[in-house]
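J.: The primary structure of each chain is shown beneath.
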Amino acid sequence: MNLENEVSIVLGGAAGQGIHIIEESLTKVLKLSGYNVFATKEYMSRVRGGINTTEIVVSSKKNRSYFKKVDLLVTFEKGVLNHLNDRLDEKTIILGEIKNIDDEYVNNKNIIDVPITEISKSVGGELFSNTVGSGIILGLFDGDLEIFNKYITEKFSKKGAGVIDSNLKAALKGYTLGKKILIDHDIQITIKKNSEVKNEVLLSGTEAFALGFARSGCNFVSFYPMTPSTGVSVFLANHAKDLGIIVEQVEDEISAINMAIGSWYAGGRGLVTTSGGGFSLMCEAVSLSGMTESPVVIYLGQRPGPSTGLPTRTAQGDLNLALYSGQGEFPRIIYAPGSIEEAYFTSQLAFNMADKYQVPVFVLSDQYLSDTYYNISDLELKHIKKENYITKTEKDYKRYRLSDSPISKRGIPGYGDGIVLLCGNEHDEFGDVTEDPKLITKMAEKRNNKINLIEKDSIMPKFFGSDNYKNLIVTWGSTYYPVRDALLKLDLKDTALLHFNQVYPLPKESEKYFKNAEKIINVELNYSGQFGQLLKQFFGINIHSNVLKYDGRTFSVEDLSKKLEEILRG
Amino acid sequence: MNSESFDRIGKIDISWCPGCGNFAIRNSLTKALSELSLKPTNTALISGIGQAGKMPHHILVNGFHALHGRAIPTATAVKAVNPNLTVIAEGGDGDMYAEGGNHLIHAIRRNPDITVLIHNNQIYGLTKGQASPTTLINTKTPTQPFGVFEEPLNPIALAISLNASFVARTFSGYVEETKEIIKQAISHKGLSIVDIFHNCPSFNKVNTVSWYQENTYFMYDHDPQNRKEAFNRALENEKYPLGVFYICKKPIFEEKLPAYEKNKTPIWNREPVVENIDKIINSKKV
Chain A
1 MNLENEVSIV LGGAAGQGIH IIEESLTKVL KLSGYNVFAT KEYMSRVRGG INTTEIVVSS
61 KKNRSYFKKV DLLVTFEKGV LNHLNDRLDE KTIILGEIKN IDDEYVNNKN IIDVPITEIS
121 KSVGGELFSN TVGSGIILGL FDGDLEIFNK YITEKFSKKG AGVIDSNLKA ALKGYTLGKK
181 ILIDHDIQIT IKKNSEVKNE VLLSGTEAFA LGFARSGCNF VSFYPMTPST GVSVFLANHA
241 KDLGIIVEQV EDEISAINMA IGSWYAGGRG LVTTSGGGFS LMCEAVSLSG MTESPVVIYL
301 GQRPGPSTGL PTRTAQGDLN LALYSGQGEF PRIIYAPGSI EEAYFTSQLA FNMADKYQVP
361 VFVLSDQYLS DTYYNISDLE LKHIKKENYI TKTEKDYKRY RLSDSPISKR GIPGYGDGIV
421 LLCGNEHDEF GDVTEDPKLI TKMAEKRNNK INLIEKDSIM PKFFGSDNYK NLIVTWGSTY
481 YPVRDALLKL DLKDTALLHF NQVYPLPKES EKYFKNAEKI INVELNYSGQ FGQLLKQFFG
541 INIHSNVLKY DGRTFSVEDL SKKLEEILRG
Chain B
571 MNSESFDRIG KIDISWCPGC GNFAIRNSLT KALSELSLKP TNTALISGIG QAGKMPHHIL
631 VNGFHALHGR AIPTATAVKA VNPNLTVIAE GGDGDMYAEG GNHLIHAIRR NPDITVLIHN
691 NQIYGLTKGQ ASPTTLINTK TPTQPFGVFE EPLNPIALAI SLNASFVART FSGYVEETKE
751 IIKQAISHKG LSIVDIFHNC PSFNKVNTVS WYQENTYFMY DHDPQNRKEA FNRALENEKY
811 PLGVFYICKK PIFEEKLPAY EKNKTPIWNR EPVVENIDKI INSKKV
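Line order of the protein sequences matches chains A and B. Counted the way the numbering used here counts, the first sequence spans residues 1 to 570. Counted the way the numbering used here counts, the second sequence spans residues 571 to 856.
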């Protein structure tokens with residue numbers, strides 16, 4: 001059996017079994033062995049039990065999309081095979097102990113019985129089965145055992161020589177078994193190693209967002225935990241000392257966003273991390289940000305469904321929530337990065353733009369993007385400098401001074417000789433409450449006119465494909481790579497892709513792309529095609545077809561190519 | 571005296587009714603700030619919504635007239651980002667005890683070095699006289715026409731039970747005493763809560779100036795370090811005691827924050843530690 005160029009390995013087990021430990025060690029060691037790696041997970045909203053899986057794609061060329069196909073399945077629990085029923089085919093190689101194979105599959109000819117429990121017991125106990133499992137896969141892929149040994153030694157350095165020694169033995173036994181399986185079952189795995197990959201960064205979406213925020217000066221984070229957004233706060237909390245960031249878990253989302261706004265008032269750069277349900281509670285303060293012209297950055301990790309919905313699944317259903325949140329009219333900016341590279345870049349930009357335009361800025365993520373990681377070269381990580389907009393105030397400073405520009409200089413308390421008064425009521429130039437109709441009109445115009453400047457400063461969408469296209473596929477957020485890879489797979493010369501990283505406001509110039517298209521196909525992970533509706537609103541264009549999915553799972557390259565082919569050739 | 575004035579000069583449109591206790595609170599507050607030699611530019615007053623919430627417009631001070639009930643979280647962040655500022659959160663009984671009740675409880679746990687001034691007139695004035703969390707039982711209002719039957723909140727007992735750092739109560743009519751209590755509250759390191767009784771001449775016909783005079787008394791024999799005694803005093807409701815009920819020393823929020831452990835520079839005045847971010851990125855290579 002031959003496995004070439006890109007192999008998708010799926011590890012399946014119950015929550016609490018430590019699949020993530022194998023995932024972490026394997027991806028690191030495979031990358032350090034010179035392989036491109038991609039990993040993503042899907043999991044249930046529970047602490048123990050159920051079935052969770054992680055997909056790791058090992059490939060010759062960089063792969064950045066989720067595959068439905070499973071080339072190699074490793075099962076640690078009964079139920080995994082049934083859970084993955086629609087992803088398995090006659091070619092899937094199944095590694096696992098017989099006790100972990102569902103009855104329906106026991107006669108499958110591709111099952112390879114790997115006595116993980118027995119091996120781990122022989123080195124000291126079932127505790128070591130994760131290391132055995134990792135060892136087997138490394139053996140299959142000709143991974144670097146030395147690197148794995150080094151990894152183990154560092155990882156367990158605090159647990160003592162005994163633990164290290166048993167893990168090293170487990171690794172070797174697993175590794176040897178992996179090699180033996182290749183011979184016994186006549187399996188050839190040919191994936192090119194590339195020494196440049198070894199020096200690349202292995203970054204998750206969550207880490208990229210967090211690092212980007214920190215890079216452009218985020219120094220205050222207030223949050224109430226909510227999947228899938230919490231990871232960003234966790235990451236920054238762990239680096240609170242070395243990065244000089246205040247990270248506080250507060251009593252509720254309402255407190256979180258009011259704190260973040262307060263932090264900007266004092267000259268900080270505040271962030272809140274939340275998901276739809278939590279964000280619903282924050283809407284009033286988004287409106288406060290709009291009225292007081294106080295910047296704030298909101299990291300909104302989308303997940304499916306109204307209410308509690310599906311806490312650990314993925315969706316792109318909160319665009320409208322972000323777009324229309326908060327009473328009254330005021331401008332805002334909404335980003336939706338499509339990749340880990342874009343996540344790092346955009347989260348930096350978010351802080352500069354919030355500061356520059358004194359508006360709420362949203363960074364939309366989702367479970368899929370947050371939980372995905374792959375190796376990236378330094379060149380793919382674009383750094384931008386923190387831009388400073390705070391002004392030292394004069395004695396006669398007026399926070400909302402009216403001038404030709406809708407942007408008044410933003411002072412902060414204690415920096416300069418002026419008084420800084422922010423007001424959530426309609427206000428005069430100084431910040432005092434007003435009911436004067438002329439002033440009200442001027443202030444409303446001042447605030448809302450910012451959108452024209454923001455529009456000019458918007459990021460152009462990323463265009464991919466032939467210039468002579470007839471069909472244009474539109475994406476936003478995390479569907480970018482799966483759609484791109486589906487297009488590459490279909491190899492269509494008349495079809496291009498337009499990916500929006502900024503979804504509001506849309507740059508006027510991007511309208512040109514739609515004019516050349518005969519068919520516009522909109523791909524989104526929601527029920528109503530929210531972005532498609534926004535395109536209609538902005539540019540008056542009609543979407544020819546919507547490819548929508550709302551089952552809590554992301555698009556696979558295979559499903560997308562099938563759907564796109566049906567539309568384009570149908 | 572080189573104290574700065576906190577009085578707004580020029581025409582200010584005061585929205586309080588004639589005879590409102592808020593005027594007296596403003597006088598006590600501006601005098602307290604002056605006597606503490608604070609600077610208007612280095613003081614920030616964060617308020618919620620309601621008549622008390624309008625204070626930032628009626629004195630000369632940095633201000634943030636924010637959302638209903640949300641002054642405390644906003645003020646907490648201001649202090650954390652710039653600990654050099656004197657930070658006051660101000661609001662009414664609806665603001666701090668109803669909408670913002672949760673924040674008050676958790677601010678006590680967090681203990682930022684801010685002062686919380688609560689204008690407690692036992693009624694909702696701005697929305698025309700509905701009951702507040704501190705309205706007394708049997709009080710009839712337009713929205714409680716048969717009389718309030720819910721037990722009023724006892725903010726003093728609540729704060730002491732949660733081991734708040736500084737807990738006091740006063741009556742706005744006693745301007746000098748109120749000023750001294752506010753001074754003590756601002757000078758105290760940690761969260762200071764001052765419940766300030768005041769009359770609402772338009773909507774509270776029960777708790778009038780003379781009612782407060784007759785139904786309150788100052789504690790002259792009380793040791794604020796004694797928590798049990800403070801709690802006992804807080805439960806008195808024949809006559810309501812005034813003065814400082816309770817003081818305790820506790821770790822302060824912004825001083826405990828890991829971001830300030832090695833570097834005392836206020837957060838707002840720092841640039842991102844780019845080299846440490848690069849270090850983290852590089853650590854993801856191995």
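If you're looking for bench data, these hints aren't it; they were derived computationally from the structure. No residue lacks a Cβ here, since even glycine has one placed at the ideal position from N, Cα and C. Do not take every clue at face value.
Cut-off 30 Å, straight-line C-alpha distance, at most; resulting in silico cross-link-like pairs (DSS-like, lysine-lysine) [stated by the list, open to error]:
id, chain 1, residue 1, chain 2, residue 2
1, A, LYS180, A, LYS61
2, A, LYS386, B, LYS854
3, B, LYS834, A, LYS395
4, A, LYS159, B, LYS753
5, B, LYS832, A, LYS385
6, A, LYS41, A, LYS91
7, B, LYS834, A, LYS392
8, A, LYS158, B, LYS855
9, A, LYS180, A, LYS109
10, B, LYS855, A, LYS386
11, B, LYS854, A, LYS398
12, A, LYS382, B, LYS855
13, B, LYS854, A, LYS198
14, B, LYS820, B, LYS753
Listing some non-contacts, in silico: residues in chain A with all C-beta distances to chain B over 10 Å [stated by the list, open to error]:
id, residue
15, ALA14
16, GLY49
17, GLY124
18, ILE189
19, GLU207
20, ASP252
21, ILE254
22, SER263
23, SER408
24, LEU422
25, CYS423
26, LEU453
27, PHE514
28, GLY529
29, ASN546
J.: Against each hint, give a clear statement of whether it holds in the structure.
T.: Against the structure, the hints:
1. LYS180/A <-> LYS61/A: holds (27 Å)
2. LYS386/A <-> LYS854/B: It holds: about 23 Å lies between the C-alpha atoms, which stays within 30 Å.
3. LYS834/B <-> LYS395/A: holds (28 Å)
4. LYS159/A <-> LYS753/B: At roughly 54 Å apart (the allowed maximum being 30 Å), LYS753/B and LYS159/A break the hint.
5. LYS832/B <-> LYS385/A: Distance of about 25 Å is within 30 Å: holds.
6. LYS41/A <-> LYS91/A: Distance ~22 Å between LYS41/A and LYS91/A Cα, so the pair holds.
7. LYS834/B <-> LYS392/A: holds (22 Å)
8. LYS158/A <-> LYS855/B: The given pair, whose Cα atoms are some 22 Å apart, holds under the 30 Å limit.
9. LYS180/A <-> LYS109/A: holds (18 Å)
10. LYS855/B <-> LYS386/A: Cα-Cα ~25 Å, so holds.
11. LYS854/B <-> LYS398/A: Since the Cα atoms of LYS854/B and LYS398/A sit roughly 46 Å apart, the hinted pair is violated (cutoff 30 Å).
12. LYS382/A <-> LYS855/B: At roughly 17 Å apart (the allowed maximum being 30 Å), LYS855/B and LYS382/A satisfy the hint.
13. LYS854/B <-> LYS198/A: Distance of about 11 Å is within 30 Å: holds.
14. LYS820/B <-> LYS753/B: With Cα atoms ~19 Å apart, LYS820/B and LYS753/B stay inside 30 Å; holds.
15. ALA14: holds (28 Å)
16. GLY49: holds (31 Å)
17. GLY124: The assertion about GLY124/A holds, with a minimum of 27 Å to chain B.
18. ILE189: holds (24 Å)
19. GLU207: violated (7 Å)
20. ASP252: The assertion about ASP252/A is violated, with a minimum of 6 Å to chain B.
21. ILE254: Contrary to the label, ILE254/A does not stay out of reach of chain B, its closest Cβ about 7 Å off (not over 10 Å).
22. SER263: The assertion about SER263/A is violated, with a minimum of 4 Å to chain B.
23. SER408: Per Cβ check, SER408/A is outside 10 Å of chain B; nearest 16 Å; holds.
24. LEU422: For LEU422/A, whose nearest Cβ neighbour in chain B is about 4 Å away, the distance does not exceed 10 Å, so it is violated.
25. CYS423: violated (4 Å)
26. LEU453: Since the minimum Cβ distance to chain B is about 25 Å, LEU453/A lies beyond 10 Å and the statement holds.
27. PHE514: PHE514/A clear of chain B: closest Cβ-Cβ about 37 Å, beyond 10 Å.
28. GLY529: holds (34 Å)
29. ASN546: holds (37 Å)
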